[in-house]
Amino acid sequence: MSRDIRLDEIAQLARLDLTQMDTARLKAEFERILGYLDQLDEVADDAAEPRFDAGVELEPATPMRDDRKRPSLAPDEVVSESPTGADESNQFRVPRVIE
Amino acid sequence: MSKLWGSDIRRLRDALKRRDIRFAEVAAACLERTEETDSRLGSFLYLDADKVMADAEVLDDKRSTGQLKLGFLTGIPIALKDNIVTRQVPTTCGSRILNGYRPPYDAHVVRRLQRDESLFFGKTNCDEFAMGSSTENSAFQPTRNPWDLERVPGGSSGGAAAAVAAGQVVAALGSDTGGSIRQPAAFCGIVGLKPTWGRVSRYGLVAFASSLDQIGPLTRTVRDSAVVLQVIAGHDSADSTSATRTVDNYVARLGNDVYGRRIGVCAEWFEEGLDPRVEKGVRAGLTVLESLGCELVDIRLPHSKYAIAAYYVIAPAEASSNLARYDGVRYGQRARDPKNLEDLYCRSRSEGFGAEVKRRILIGTYVLSAGYYDAYFQKAGRVRALIQDDFRQAFEKVDLIAGPTTPTPPFKLGSRTDDPLSMYLSDVYTTTANLAGIPALSMPCSFTKEGLPVGLQLLAPHFKEARLLETAYALEQELALERPEMAV
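Same order as they appear, the protein sequences are chains A and B.
As numbered in numbering that gives the first Met the number 0, the first sequence has no gaps in its residue numbers, which increase by one up to the final residue, 98.
As numbered in numbering that gives the first Met the number 0, the second sequence has no gaps in its residue numbers, which increase by one up to the final residue, 487.
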């Protein structure tokens with residue numbers, strides 16, 4: 000069964016550029032994998048409520064902490080690891096966002 | 000001690016305590032062993048031998064001035080999978096996109112090892128962003144299996160497993176999302192433990208799939224596994240999913256009688272697809288458990304056959320979100336001369352990520368996209384709920400579940416790289432534990448005629464690592480497995 004897999008659209012959503020890839024092969028792999036995933040259809044829609052957590056009871060479920068300032072990462076150390084390196088104003092440098 | 004590098008933690012600690020050996024000698028033995036073997040194995044992505052010796056000498060100095068308190072892991076050489084962040088020490092996750100990246104902080108588990116003054120012994124090779132079952136997806140190099148250099152060590156913690164098996168280090172930390180500690184442990188003939196989700200802090204573990212990831216030990220013995228877990232387990236306020244529940248005394252419980260323990264054996268796990276050599280080894284292990292007084296009980300895990308399908312929807316979906324941060328802005332590689340921000344993102348990511356990572360991000364994006372969310376992601380969530388129920392019901396009848404870790408012994412390098420799906424299927428027995436958040440351990444139970452290790456897997460209910468370890472220990476002691484000669 001050939002699906003209508005619009006790889007270009009998915010790649011756009013994922014911010015990936017597929018021009019350097021063998022897209023015919025990628026599509027074939029995708030089809031094969033999705034074909035395998037089709038077996039999920041064997042499970043009825045009313046079989047269970049979907050779960051996306053590990054099923055572990057944690058207490059408390061949502062831990063809170065005091066609203067107190069605490070030491071964090073050193074900004075200059077963090078920024079110096081960026082591709083454009085250290086910056087006097089501790090900012091990450093990027094291309095213009097608004098044209 | 001003839002082979003210092005092959006020793007376990009207890010013997011090393013006893014010898015260190017009696018001052019029969021110095022910390023520098025332990026370090027030198029492991030460094031020598033690594034030097035001799037790593038050009039053939041390729042376990043390490045980063046290792047600063049001078050720093051290792053210097054750190055060991057500091058420990059010797061501290062001891063000579065009476066300033067050293069001998070902890071569980073003091074002076075023990077421990078390697079870290081390269082997806083665990085280490086401050087100012089390169090952390091690549093096996094990916095070009097993080098080539099040269101030096102994190103500004105240490106993972107929580109690293110701080111715990113430092114508190115015990117263990118000896119940091121480098122970063123090990125892995126499949127890129129922990130995505131893979133053979134370590135062949137590393138952007139830098141493959142790692143080879145110490146038992147047969149033509150075969151894979153497993154993945155994604157292949158470098159860590161090979162390093163421990165070959166005696167380059169005494170222990171290592173890996174991570175397990177769908178089997179990435181247990182499967183390489185099985186392939187390399189060592190012990191690999193994935194704790195309960197939340198038992199060990201994920202702060203500083205580079206995220207792949209957050210509802211599945213856990214850090215755990217890779218060691219040569221069950222006791223060593225218990226010792227390492229003792230040090231790394233426990234609450235961390237920096238990980239809001241980290242369990243506050245008290246950590247058991249894993250080491251103290253080793254040696255307990257396992258008589259009467261009910262061990263579930265799942266028929267679905269012994270069906271078609273299981274290599275007869277693996278089945279033989281695992282059944283021999285089950286027979287030994289019976290001889291120890293354990294009762295083997297037939298159980299069913301009816302939805303485990305959908306585990307791989309559910310995993311390969313949920314894990315890529317979470318990964319597509321977790322890997323969105325690699326955008327060429329704050330860390331890692333950036334594409335040259337970007338035309339605009341969008342171009343920066345697309346080209347940085349496309350140049351930096353390997354094929355498998357891209358494949359999984361695309362699958363993840365697809366299954367979360369409008370129109371397909373119900374068809375895949377919701378369905379996978381349903382299967383996850385059913386698998387969790389299967390285990391809940393099984394654990395009402397049994398104390399532990401036992402079965403194979405992998406469907407085959409270690410396969411040859413290059414034999415599955417052309418077909419991603421065939422690679423995914425090697426996770427058939429391991430993904431269920433991640434989907435259900437339960438702890439699971441792999442230990443060697445036999446070697447094939449060709450000298451390849453076979454792993455037996457034990458699974459327990461949430462937070463029952465002590466039960467897992469004491470049963471594995473009893474089995475290990477009774478098996479007294481003889482190992483053939485290693486290829487290195």
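Just so you know, not all the hints are guaranteed correct.
To be verified - The calculated EDC-like cross-link candidates involving lysine to aspartate or glutamate, where the alpha carbons are at most 20 Å apart (straight line), are: (1) B/Lys304 - A/Glu58; (2) B/Lys304 - A/Asp3; (3) A/Lys26 - B/Asp418; (4) A/Lys26 - A/Asp3; (5) A/Lys26 - B/Glu355; (6) B/Lys463 - A/Glu58.
Claimed, not checked - Which residues of chain B face chain A? A few of them, derived with a C-beta cut under 10 Å, are: (7) Phe390; (8) Gln392; (9) Pro406; (10) Thr407.
Just so you know, the hints here were simulated from the structure itself, not pulled from any lab data.
Ideal Cβ positions, reconstructed from N, Cα and C, are used throughout, including at glycine.
Going through the hints against the structure:
no., hint, result
1, B/Lys304 - A/Glu58, "violated, 31 Å"
2, B/Lys304 - A/Asp3, "violated, 27 Å"
3, A/Lys26 - B/Asp418, "holds, 13 Å"
4, A/Lys26 - A/Asp3, "holds, 10 Å"
5, A/Lys26 - B/Glu355, "holds, 13 Å"
6, B/Lys463 - A/Glu58, "holds, 17 Å"
7, Phe390, "holds, 8 Å"
8, Gln392, "violated, 13 Å"
9, Pro406, "violated, 15 Å"
10, Thr407, "violated, 18 Å"
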